[in-house]
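Chains as they are written, first to last, in the numbering used here: chain W, 84 to 569; chain L, 125 to 217.
Misleading hints may appear alongside valid ones.
To be verified - Distance condition first, Cα-Cα at most 30 angstroms in a straight line; then the derived BS3-like pairs of lysine-lysine:
| no. | chain 1 | residue 1 | chain 2 | residue 2 |
| --- | --- | --- | --- | --- |
| 1 | W | 545 | W | 532 |
| 2 | W | 415 | W | 379 |
| 3 | W | 179 | L | 127 |
| 4 | W | 179 | W | 88 |
| 5 | W | 205 | L | 157 |
| 6 | W | 460 | W | 545 |
| 7 | W | 88 | W | 293 |
| 8 | L | 153 | L | 203 |
| 9 | L | 188 | W | 179 |
| 10 | W | 339 | W | 460 |
| 11 | L | 157 | L | 127 |
| 12 | W | 179 | L | 203 |
Worth flagging that the hints you see were computed from the coordinates, not collected in a lab.
Read off the chains here:
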Amino acid sequence: MTIQKLATGIAAFDHISDGGLPLGRTTLLAGSPGCGKTLFGSQFLAMGIQHFDQAGVFVTFEEQVEDIRLNLRSLGWDIDQWEKDGKWVFLDASPKDGDAPVTVGTYDLSAFQVRLERAVTKCNAQRVVLDSMGNVFAQYPEMNSFRRELFQVTQTLGRLRATSLITTERSEEYGRVSRSGVEEFLTDNVIILRNVLYDEKRRRTIEILKFRGSKHEKGENLYTIVPERGIVIIPLSAMDLRYRSSGVRVTSGVAKLDEMCGGGFYRDSIVLVSGSIGAGKTLLVASFLNGVRERKERALLLAFEESREQIFRNAAGWGYDFAGLEADGSLKVECLYPEVSSLEDHYLHIQRLVEEFKPDRIALDSLSALSRTSTDKAFREFVIGLTSFLKHQQITCLLTVTTTLLSGGTSDTEGNISPLTDTIILLRYVEMSGDMQRSLSVLKMRGSKHDSSIRGFTIDDKGLNLGAPFTGVSGILTGIAPVHKL
Amino acid sequence: MAKPILQLFVNGNSPTSVEAIGMLNGICKEDLKGTYELEIIDIQLDPDRAEEAGIMAIPTLIRKWPLPETRLIGALSVKTRVLTGLGLVMSYT
Chain W
84 MTIQKLATGI
94 AAFDHISDGG
104 LPLGRTTLLA
114 GSPGCGKTLF
124 GSQFLAMGIQ
134 HFDQAGVFVT
144 FEEQVEDIRL
154 NLRSLGWDID
164 QWEKDGKWVF
174 LDASPKDGDA
184 PVTVGTYDLS
194 AFQVRLERAV
204 TKCNAQRVVL
214 DSMGNVFAQY
224 PEMNSFRREL
234 FQVTQTLGRL
244 RATSLITTER
254 SEEYGRVSRS
264 GVEEFLTDNV
274 IILRNVLYDE
284 KRRRTIEILK
294 FRGSKHEKGE
304 NLYTIVPERG
314 IVIIPLSAMD
324 LRYRSSGVRV
334 TSGVAKLDEM
344 CGGGFYRDSI
354 VLVSGSIGAG
364 KTLLVASFLN
374 GVRERKERAL
384 LLAFEESREQ
394 IFRNAAGWGY
404 DFAGLEADGS
414 LKVECLYPEV
424 SSLEDHYLHI
434 QRLVEEFKPD
444 RIALDSLSAL
454 SRTSTDKAFR
464 EFVIGLTSFL
474 KHQQITCLLT
484 VTTTLLSGGT
494 SDTEGNISPL
504 TDTIILLRYV
514 EMSGDMQRSL
524 SVLKMRGSKH
534 DSSIRGFTID
544 DKGLNLGAPF
554 TGVSGILTGI
564 APVHKL
Chain L
125 MAKPILQLFV
135 NGNSPTSVEA
145 IGMLNGICKE
155 DLKGTYELEI
165 IDIQLDPDRA
175 EEAGIMAIPT
185 LIRKWPLPET
195 RLIGALSVKT
205 RVLTGLGLVM
215 SYT
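Sequences are here, hints too, so could you generate the full structure?
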């Protein structure tokens, strides 16, 4: 028997959970303070109302109802209307001002159970959030039968066929699921939100620890909190590799380079251009962007190193009229400082740009600049996420990386991501007979024959002029090429 | 002193509810000597009242009057503590 799922409507969560939360069951959402548990819960209800017309009950044990309303409004959710329509019902179980009740003798929380049932039946709620369960324990310290009470709650919710989320606090990021250690035994489904400080960078991740009897993605996925959108999950390692592979070729913008690649780049390929400073990477980017003229397509440039003015001036120097392209709506140039936001936010920003502008090709200059802002792992995940997103959209993507050495050598960035690319082009300086020469070679061209020779090239006001292959020399990639006397 | 107004929330015939009702009846009879108002509310029959009053635990005893409102939770097992909790201890002078 497969367990049915309830689509939550939270971006990408339904993807990593293979359909959403287990229908009619309780899921535990555990996380340390500040990781967004309350937001996740609120969003679960809000999405239910917005996209599926499903009513929800929000039980708060901690935050005051008025504070939650304020937060919801700031996210652009019309909580007042929802409450009026009976789509959103608060069950206020938060501690109130004044003295805590005096305890004389044993008690249970049956009044809470009754109220919960009343609220759920009254609005016919399909979604319930309890935020946060750990706090009940703190409010009613003498209650030794916490486990039984919780069991009651999950039973009641199960009987009412409500899909529910119970949040709970964690004191450490990697360790016991919840502080009391009780909750996780009561639900078959556990999700963990983490907010880890690693290498001086905050990393927020979501992990589905268990969904009993049902499929889901394993491991952590990055997420970020975006104003007006709430939690957005970036399903980096969760992307499937079933792209429609395209046999269509597109031009690189340089006719001779197309020849070397066996007729141009594949339309859905990721091209990596590696070279040191001044080796001609930005020129290749400009040629690539200019290549949209051929079919009246659209190109998007994300520049992380140069300003608009610089880019346009340089392009003009190579004979490319970027201002004209932009006026035609064929080109969009977006200049960003890598440091202004985290990689997750960059990813979402790029995704949004792509959705709005719908480019046929996209260039990132340079990826190395972006890699400065994050850890290796996060950067790799970013590239995986971005490249698979672009492949799905059938967008040709050109990435540049900067090598640290003037000649020869590879960059850290490159080693990290080269397996993810389809085509690699090396731009290198070669010292030959006391002269610095530029060279270009196609190192890898997935799925096609290519010219493996190393060619010299020059740059002038017509752009890039590929010359003849170097013959009779070796050691070009190390940067020093002794001429062999034949 | 003012005539106290009390509310006791119970859950049907649960053991703690029965115990609390018994204890409270005893206190009313012996210590308050009939000068009180007591309402017993069964949350099974009247869940709306539980919601309005924001009741979590059963049994819950509320002293509505005199102000400030005071709440006690539990089966009211210890009489002296109930009286202290309600602030209804008679002076011994």
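Hint check results:
Only pairs whose Cα atoms come within 30 angstroms are accepted, and residue 545(W) paired with residue 532(W) is accepted, the gap being roughly 28 angstroms. Proposed proximity of residue 415(W) and residue 379(W) is supported: the alpha carbons are some 14 angstroms apart, at most 30 angstroms. Restraint check: the Cα-Cα separation between residue 179(W) and residue 127(L) comes to about 26 angstroms, which is no more than 30 angstroms; the hinted pair holds. Restraint check for residue 179(W) and residue 88(W): the C-alpha separation of about 37 angstroms exceeds 30 angstroms, so the hint is violated.
Proposed proximity of residue 205(W) and residue 157(L) is contradicted: the alpha carbons are some 42 angstroms apart, above 30 angstroms. Distance check on the hinted pair: residue 460(W) and residue 545(W) sit about 40 angstroms apart at the alpha-carbon level, beyond 30 angstroms; violated. For a cut-off of 30 angstroms, the pair hint linking residue 88(W) to residue 293(W) stands: about 14 angstroms separates their Cα positions. This hinted pair checks out: residue 153(L) and residue 203(L) have alpha carbons roughly 13 angstroms apart, not beyond 30 angstroms.
Of the supplied pair hints, the one linking residue 188(L) and residue 179(W) holds, its CA atoms being roughly 16 angstroms apart against a limit of 30 angstroms. For the hint pairing residue 339(W) with residue 460(W), the CA-to-CA distance comes to about 37 angstroms; that exceeds 30 angstroms, so the pair is violated. A threshold of 30 angstroms between alpha carbons decides the hint, and for residue 157(L) with residue 127(L) the separation of about 11 angstroms falls inside it, so the pair holds. With a CA separation close to 26 angstroms, the supplied pair residue 179(W) and residue 203(L) stays within the 30 angstroms bound.
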